[in-house]
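Once you've looked at the hints, dock chains C and Z against the given chain A.
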Amino acid sequence: MAEQKKTYRVLIGKPGLDGHDRGAKFIARALRDAGFEVVYTGIRRTPEEIAAAAVQEDVSAVGLSLLSGAHMSLFPAVVKALKNSGAGDIPVLGGGVIPDEDIALLKEAGINAVYTPGTPVDKIIGAFRAACETQKSGRN
Amino acid sequence: MEKHPAHIDWEKELAKNLNRFPERKEKFTNHGGEEVPRLALPDKIDDAYVENIGFPGQYPYTRGVQPTMYRGRFWTMRQYAGFSTAAESNKRYRYLLEQGTTGLSIAFDLPTQIGYDSDHQMAAGEVGKVGVAIDSLADMEILFDQIPLDKVSTSMTINAPAAILLAMYVAVGEQQGIESSKLKGTIQNDILKEYVARGTYIFPPKPSLRLITDIFKWCTEHTPDFNTISISGYHIREAGSTAVQEVAFTLANGITYVQAALDAGLELDNFAPRLSFFFNASSDILEEVSKFRAARRLWARIMKERFNAQKPSSRMLRFHTQTAGYTLTAQQIDNNIVRVALQALSAVLGGTQSLHTNSRDEALALPTEDSVRTALRTQQVIAHESGVASSVDPLAGSYFIEQLTDRIEAQASELIAKIDKAGGVVPAIEDGFIQRQIENSAYEYQQEIEKGERIIVGVNEFKIEEKTKPSLLRVDPEVEKAQVQSLKELRQRRDNRKVEEALANLSECALSSSNLMPEILAAVKTYATLGEICQVLRKVFGEYRG
Amino acid sequence: MISEQLLRGLREHDPRGIARAISLVEENDPLADEILSSIDDSLVDQAMVLGITGPPGAGKSTLTDRIISKYRSQGSRVGVIAVDPSSPISGGAILGDRIRMMGHALDKDVVVRSMATRGRLGGLCAAAGAAVRILAGSGCSVIIIETVGVGQSEMDIIRLADITALVLAPGLGDDIQAMKAGLLEVADILIVNKADCAGAETLAMDMECIAREGGNKKNTTQVCMTTASEGKGIDELLAAIETVDASHRESGERRTRREKAYDLEVLDWAIEMIKPSIIEKIENLGHARKGAPRLLASKLLGQNNLG
Numbered sequence: 127m128a129e130q131k132k133t134y135r136v137l138i139g140k141p142g143l144d145g146h147d148r149g150a151k152f153i154a155r156a157l158r159d160a161g162f163e164v165v166y167t168g169i170r171r172t173p174e175e176i177a178a179a180a181v182q183e184d185v186s187a188v189g190l191s192l193l194s195g196a197h198m199s200l201f202p203a204v205v206k207a208l209k210n211s212g213a214g215d216i217p218v219l220g221g222g223v224i225p226d227e228d229i230a231l232l233k234e235a236g237i238n239a240v241y242t243p244g245t246p247v248d249k250i251i252g253a254f255r256a257a258c259e260t261q262k263s264g265r266n
Numbered sequence: 057m058e059k060h061p062a063h064i065d066w067e068k069e070l071a072k073n074l075n076r077f078p079e080r081k082e083k084f085t086n087h088g089g090e091e092v093p094r095l096a097l098p099d100k101i102d103d104a105y106v107e108n109i110g111f112p113g114q115y116p117y118t119r120g121v122q123p124t125m126y127r128g129r130f131w132t133m134r135q136y137a138g139f140s141t142a143a144e145s146n147k148r149y150r151y152l153l154e155q156g157t158t159g160l161s162i163a164f165d166l167p168t169q170i171g172y173d174s175d176h177q178m179a180a181g182e183v184g185k186v187g188v189a190i191d192s193l194a195d196m197e198i199l200f201d202q203i204p205l206d207k208v209s210t211s212m213t214i215n216a217p218a219a220i221l222l223a224m225y226v227a228v229g230e231q232q233g234i235e236s237s238k239l240k241g242t243i244q245n246d247i248l249k250e251y252v253a254r255g256t257y258i259f260p261p262k263p264s265l266r267l268i269t270d271i272f273k274w275c276t277e278h279t280p281d282f283n284t285i286s287i288s289g290y291h292i293r294e295a296g297s298t299a300v301q302e303v304a305f306t307l308a309n310g311i312t313y314v315q316a317a318l319d320a321g322l323e324l325d326n327f328a329p330r331l332s333f334f335f336n337a338s339s340d341i342l343e344e345v346s347k348f349r350a351a352r353r354l355w356a357r358i359m360k361e362r363f364n365a366q367k368p369s370s371r372m373l374r375f376h377t378q379t380a381g382y383t384l385t386a387q388q389i390d391n392n393i394v395r396v397a398l399q400a401l402s403a404v405l406g407g408t409q410s411l412h413t414n415s416r417d418e419a420l421a422l423p424t425e426d427s428v429r430t431a432l433r434t435q436q437v438i439a440h441e442s443g444v445a446s447s448v449d450p451l452a453g454s455y456f457i458e459q460l461t462d463r464i465e466a467q468a469s470e471l472i473a474k475i476d477k478a479g480g481v482v483p484a485i486e487d488g489f490i491q492r493q494i495e496n497s498a499y500e501y502q503q504e505i506e507k508g509e510r511i512i513v514g515v516n517e518f519k520i521e522e523k524t525k526p527s528l529l530r531v532d533p534e535v536e537k538a539q540v541q542s543l544k545e546l547r548q549r550r551d552n553r554k555v556e557e558a559l560a561n562l563s564e565c566a567l568s569s570s571n572l573m574p575e576i577l578a579a580v581k582t583y584a585t586l587g588e589i590c591q592v593l594r595k596v597f598g599e600y601r602g
Numbered sequence: 005m006i007s008e009q010l011l012r013g014l015r016e017h018d019p020r021g022i023a024r025a026i027s028l029v030e031e032n033d034p035l036a037d038e039i040l041s042s043i044d045d046s047l048v049d050q051a052m053v054l055g056i057t058g059p060p061g062a063g064k065s066t067l068t069d070r071i072i073s074k075y076r077s078q079g080s081r082v083g084v085i086a087v088d089p090s091s092p093i094s095g096g097a098i099l100g101d102r103i104r105m106m107g108h109a110l111d112k113d114v115v116v117r118s119m120a121t122r123g124r125l126g127g128l129c130a131a132a133g134a135a136v137r138i139l140a141g142s143g144c145s146v147i148i149i150e151t152v153g154v155g156q157s158e159m160d161i162i163r164l165a166d167i168t169a170l171v172l173a174p175g176l177g178d179d180i181q182a183m184k185a186g187l188l189e190v191a192d193i194l195i196v197n198k199a200d201c202a203g204a205e206t207l208a209m210d211m212e213c214i215a216r217e218g219g220n221k222k223n224t225t226q227v228c229m230t231t232a233s234e235g236k237g238i239d240e241l242l243a244a245i246e247t248v249d250a251s252h253r254e255s256g257e258r259r260t261r262r263e264k265a266y267d268l269e270v271l272d273w274a275i276e277m278i279k280p281s282i283i284e285k286i287e288n289l290g291h292a293r294k295g296a297p298r299l300l301a302s303k304l305l306g307q308n309n310l311g
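Protein chains in written order, with my numbering: chain A, 127 to 266; chain C, 57 to 602; chain Z, 5 to 311.
Just chain A, with the same shape it has in the complex:
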């Protein structure tokens, strides 16, 4: 059916040791309610584990959430791990308590987009949709 084609698969993960998953779980559910299939990998994962899961699940985008302040090392580490798994085409989006001046640096490090608290969820869903579309169209 036509609508099936539009079912995007995404992964929401929390790298590092931060256990605050309220935001990650909210985004996961909001994406589900917007029609996405969301693989949720839980808290306390290494970048390599997240990348391996993203590859096995054949997702079109990875969303990361982090509130511990370790984003500058962990977000780029996921990007790198994806590249190492031959999945550098999977875009990575980030969210959490992230100071403005870090956002530009993260984008330079290959993070597709970064969202901070207070961003309307529709905007985030839109970003995932766009990222998935780009990734999917780049495949064929």
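Don't read these hints as lab results, they were simulated from the structure. C-beta atoms are modelled at their ideal positions from N, C-alpha and C, and glycine is treated no differently. Keep in mind that the hints are not guaranteed to be accurate.
[Claimed, not checked] Anything over 12 Å on all C-beta distances counts as not near chain A; from chain C, calculated:
#1 Val92
#2 Asp102
#3 Ala439
#4 Ile457
#5 Asn496
#6 Ser568
#7 Gln591
[Said to hold, decoys possible] Taking lysine-lysine pairs in the BS3-like style, the calculated list, with each CA pair at most 30 Å apart, reads:
#8 C/Lys595 x Z/Lys236
#9 C/Lys595 x Z/Lys74
#10 C/Lys525 x A/Lys233
#11 C/Lys525 x A/Lys249
#12 C/Lys523 x A/Lys233
#13 A/Lys262 x Z/Lys285
#14 Z/Lys112 x A/Lys209
#15 A/Lys209 x A/Lys233
#16 A/Lys132 x Z/Lys279
#17 C/Lys537 x A/Lys233
#18 A/Lys206 x Z/Lys112
#19 Z/Lys279 x Z/Lys303
#20 C/Lys544 x A/Lys206
#21 C/Lys477 x Z/Lys236
#22 A/Lys249 x C/Lys477
#23 C/Lys81 x C/Lys59
#24 C/Lys507 x A/Lys132
#25 C/Lys519 x A/Lys233
#26 Z/Lys74 x C/Lys262
#27 C/Lys537 x A/Lys206
#28 C/Lys240 x C/Lys581
#29 C/Lys595 x Z/Lys294
#30 C/Lys507 x A/Lys249
#31 C/Lys147 x C/Lys595
#32 A/Lys262 x Z/Lys279
#33 Z/Lys236 x C/Lys474
#34 A/Lys209 x C/Lys537
#35 C/Lys207 x C/Lys147
#36 A/Lys132 x Z/Lys285
#37 Z/Lys236 x C/Lys262
#38 A/Lys249 x C/Lys523
#39 C/Lys360 x C/Lys100
#40 Z/Lys112 x A/Lys262
Chains C and Z alone, transformed into the frame defined by chain A:
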């Protein structure tokens, strides 16, 4: 009209209490010089009043756990702090003590909370970020340098490795020449809420509960003034629960700890008085005040009716409060000062024993020294200027407050009954029942914000274009390198033979059913690291996978 | 060209190739035929397909995690298809079974794939069956299908398995009652998980009774007690699986089930293939939307059932 016997009892108790602990002032007056009543009472005191509301310092403690509450002594103003290295944090603590804070509250970084040394692969990027990095007793010595441990009370937000940090604290006390029995403070030590809300677990529930009951037992004998646990609803609320769920899940966890301790052969009235609680103060002032009162009454009833606790202190729910981090906004951050003030007020009106007020910039980063000072000043204004501390439980008798108190208690008991039916908290965690309840509430709350049904000032209404960015406190990435280096040096400096011996003893002890505390204490004194000690326990106990 | 690369990846057990291949068949992509025809049927025949089902909260994922570890320690390459329901409203899904299995994330010989039911009328067996073939073709000798045993499509998918294990736990009373009717009948192994919790013994006794009931029909049903969170009872469970497998092979039950599963998959695929054209016709009905729907359906299919 004749006085109710309970009223007469209370007056006697009060007289005794005033003798021992005189109030802060001879006379509490308002601006016009009129005296403020110590305790406002209804005209008619009947059995129903006594049973449900009663008198402060008396069962069921709806109106508070002490007869004079803040007229005797203010709540402890305790600001949670800690970041980067032990030396940096030590500076912040000494600053806070100078500014009039009355208790320390230590924030540890995530590797410390999860039992990894700073040089562990999993610690990369996290060292010193959300709290101070403690790898060994050597760091703990620096952390409390020039802070006399017999003069301060120290709260430590540490759970899975609580026994290790407590042992380090005791060891530092010994070095300062202070007996363990003189130490005052609290360890959070509440693993159950980690599985559902906060995530810093290490071991599976069963061995975790053993560690906790070992601590209860050891502390009864060695640190009688230490609160052995802080059963925390705070993080459950932060994860998105409602007020009712916060009370229900927290008290259900409390029940689990009490039962575990009883099963381990401990005497109820020996350990129960050292149980303490930790709640969230959110923005709905009246609901929060009612929540605190309901929690106190429900716990008293549980302890009396379910566990048959005899000592009054075993039935008292004493609690620390922190204002709600989740309500802080990254937009127009000065508004957070107002939110925090309202939330802090609810905690004081609800009869908290100690309070942490969040800083305005915490939705952005770690708080700066200036914003921490404002947060502390907020408490001081409530204490000294607002007048609410002059009378005990001043909102009692309000139709609204009493009805809401009743409702929260009833709904929370219902939820506790559901958990009982599911076989208790541990199976309810493994099923995901508790997590799902919290998740659903969190989702609904956030949806209300997204749809604009719930207005958050400055976020989805009353927005402005903000140009100037506040100055933020950042942890220098060099901190991690320095910490790893000093750990390396420690490993070379210490007597490694002794370390290995102590760790072998600990492993043997973990396999037996003996109390773990003495071996942990012996190990930290050899400068065995937190990660090494946890690794020994991981091998024996296994690891919990969320 | 892309398919060449993909097929090579599949042959070489490249995780990305396997994952892509599953997606393409799941999406009923034109490349699906090529992918599936490249798979060595003997590998599919040899693999053991284990179905694990049970009510929410019984501990299926934790148990699956432990079973994976055990098979890995025996040197088997393991594939897992974890099925979760799609939201009937949005069509989206949260696929969270993987959380409990993340300990295997870096093990190249454990391939976990989450799959949503996608609210299909049928189709799930087609997609899952194809995933089983791809996993088997990529060298997995044990393939676990994990699914919540509630909806009909989840029930159907279990029919793809050579051996079905039903996981129950004490304290889930009502759920179990609701499930008893359907799943107890198809289960070869009844697992009482959380064996350390109150009520486990009673539940196990109930299960023993059920297993012995109607003995003439199926007397091979095994009852196992596990505490998956502590890894207890897993050796016994694997032994039970082996017993059932051996008996099924001997009795011919295994072959019978494979044949039924095969037929089911063919049917499912046939429906999947027919569906788009029929849907298109239905969408363009316009004025033809009249009379009994059954008659119209016959007409659309180009059949005349009236005779």
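Any of the earlier hints contradicted here, and which numbers?
Going through the list in order, the structure violates hints 5, 22, 29, 31 and respects the others.
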